[in-house]
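Residue strings, one per chain:
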Amino acid sequence: MAKLASALVSRLVIIIPYAWLLFFFLIPFFIVFRISLSQTAVAMPPYMPVFDLAGGLSGIMEKLGEFSLDNYVWLTEDVLYFNAYVSSVVIAAISTFLTLLIGYPIAYGMAKAPRSLRPTLLMMVILPFWTSFLIRVYAWIAILKPEGLLNQFLSAVGLIDQPLIILNTNAAIYIGIVYSYLPFMVLPIYSALEKMDHSLTEAAQDLGCTPAAAFWRVTFPLSLPGVVAGCLLVFIPAVGEFVIPDLLGGSETLMIGKTLWSEFNSNRDWPVSSAVAIILLMILVIPIVYFQNIQAKADDEGR
Amino acid sequence: MEKWSRFNIASVVLGFGFLYLPIVLLVIFSFNESKLVTVWAGFSTKWYTQLWHNQGLLDAAWVTIRVALLSATCATVLGTLAALALVRYTRFRGRVLFSGMVYAPLVMPEVITGLSLLLLFVAIGFDRGFWTITLAHITFTMCFVAVVVQSRLLSFDQSIEEAALDLGATPVTTFFAITLPVIAPAVFSGWILAFTLSLDDLVISSFTTGPGATTLPMKIYSQVRLGVTPEINAICTILIGIVALGVIVASIVTKRREVQREKDERAAFAAIG
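Residue numbers (my numbering), protein chains in the order written: chain A, 1 to 303; chain B, 1 to 273.
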């Protein structure tokens, strides 16, 4: 009896979260896929149902005939979407690189800090992550505006005569992404560097490596798992970013998250926005699966 | 041991300056007398008093807090279960899919999660509003809880659990008497994380909301689009204050509990030995 109960409990531990995620995470993707194949209709909900189980098997067969790739054809015909995908990936890649460039020295400095100071530093990197994303992006508007604080400062110091135009350009998007996602880059690199055995770099230097060579040939390769995890944590969400390009970017900046949002909210074209989402997911599926594998491997090592 | 070089110190200080300066400026300008957020005109708290009379904003804040409390609590239960499933059961059918579904939402662009949840709610005919936002928030925050709790479970000494089971405790008793007290700090910080993620969310809420359920971030977003005002700075400052206070209190509490726990564990082992 007790055995039976414990078997039941262990089943439930798995089944409850499993069922939740299946229903609220996986199944919705199939619905998005299904709707991306349906026709736009002027109704609420604004699409023609493709599947209707009420019609029975013959009904399903009949409906299968109504599947259409029209929305996808539409996406390939309009160059706007193609450009939006390309520029999202490019902007995300450049921002990820910049985040790495800024985040690595911070993580390195933290890992080198006196042991007693490290928990506080760690806490300070995590803290901005807890404060609102929207607020942190919003804070940059007042700084980057033509009459904003950065321009006031620079002209007061005498570095510029004309205000720099940063807000509503791609530069502002880079700043926004680097700023918002910096903790995601710093944390995995820090944890990789902190675990590292310092005697390795000392050995390399004893054997005649310059400090720079020791860094590139020993330290950096050993921190690579952290670098990869950090880059994925920044790159993947940045491709679909909506808030940052919307608030900091200009009207000519195309990013697919913004396109999807306006397709959905302004044009009310649910089938086309579903198709946009499906293609975005297809672009991201390789990095996402790669990220999952790294995570799963890290868990097995931790066991 | 290598020294903390000047370069190291400079990069940490500059990095932290970059992280904190915008927030500090935002807080300072919430106390600005002038309506302009970029020109200082003297200290004033009038924007805070004005907030108090903005009924729409207060309503939105109330909705947001209710959603966050409810969704964080449910997400903590589900996320803890998911973490247990991942760590304790290394072999079950569909484990790869399960771990995939736990990790994918961590990086999934919010527009995709939001759209797909909305289409689910429409497909099953669920009226959109408070409950759909809450369900959506539970779904994406439970994965963050799972990751936080999982890392604590991995460093957990399983022999204590096994001892309890050998002594005849049921798995449920063992969980509540042994496992939960040990992982409690992680479960607690998972709850705080879920709470702040929910408090903060704009994109997923906007997709899954319905008439009558406007959250604070949605309200802030619609006002930001019209321009930057000290009033928004004031709301943001209050939110930052609440979160910072919560995080600091939480970290002090968990630190104390961990120290206490370690002491207890050592004492217990000493008593056995």
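It is worth saying that the hints were derived from the structure and are not from the lab. Incorrect hints may have been included.
What the hints assert, rightly or not - Far from chain B by the CB rule (all over 10 Å, computed), these chain A residues:
no.	residue
1	Ile14
2	Asn83
3	Met124
4	Val125
5	Ser132
6	Ala204
7	Leu207
Stated by the list, open to error - When the alpha-carbon atoms are kept at most 25 Å apart in a straight line, the in silico SDA-like pairs for lysine to any residue are as follows:
no.	chain 1	residue 1	chain 2	residue 2
8	A	Lys195	A	Asn83
9	B	Lys255	A	Ala7
10	B	Lys255	A	Glu77
11	B	Lys255	A	Gly158
12	B	Lys35	B	Thr49
All C-beta atoms, glycine included, are put in the ideal place defined by N, C-alpha and C.
Against the structure, the hints come out as follows:
1. Ile14: Given that some Cβ of chain B is not farther than 10 Å from that of Ile14 of chain A, nearest at about 4 Å, it is violated.
2. Asn83: Since the minimum Cβ distance to chain B is about 18 Å, Asn83 of chain A lies beyond 10 Å and the statement holds.
3. Met124: Nearest chain B Cβ is 6 Å from Met124 of chain A, so the label is violated.
4. Val125: Non-interface label fails for Val125 of chain A: nearest chain B Cβ at 7 Å, not farther than 10 Å.
5. Ser132: About 4 Å separates Ser132 of chain A from the closest Cβ of chain B, which leaves it inside 10 Å; violated.
6. Ala204: Ala204 of chain A is indeed farther than 10 Å from all Cβ atoms of chain B, at 12 Å.
7. Leu207: holds (16 Å)
8. A:Lys195 to A:Asn83: violated (42 Å)
9. B:Lys255 to A:Ala7: violated (35 Å)
10. B:Lys255 to A:Glu77: Between Lys255 of chain B and Glu77 of chain A the Cα gap is close to 58 Å, so the pair fails against 25 Å, i.e. violated.
11. B:Lys255 to A:Gly158: Distance of about 48 Å is beyond 25 Å: violated.
12. B:Lys35 to B:Thr49: Holds, at roughly 14 Å.
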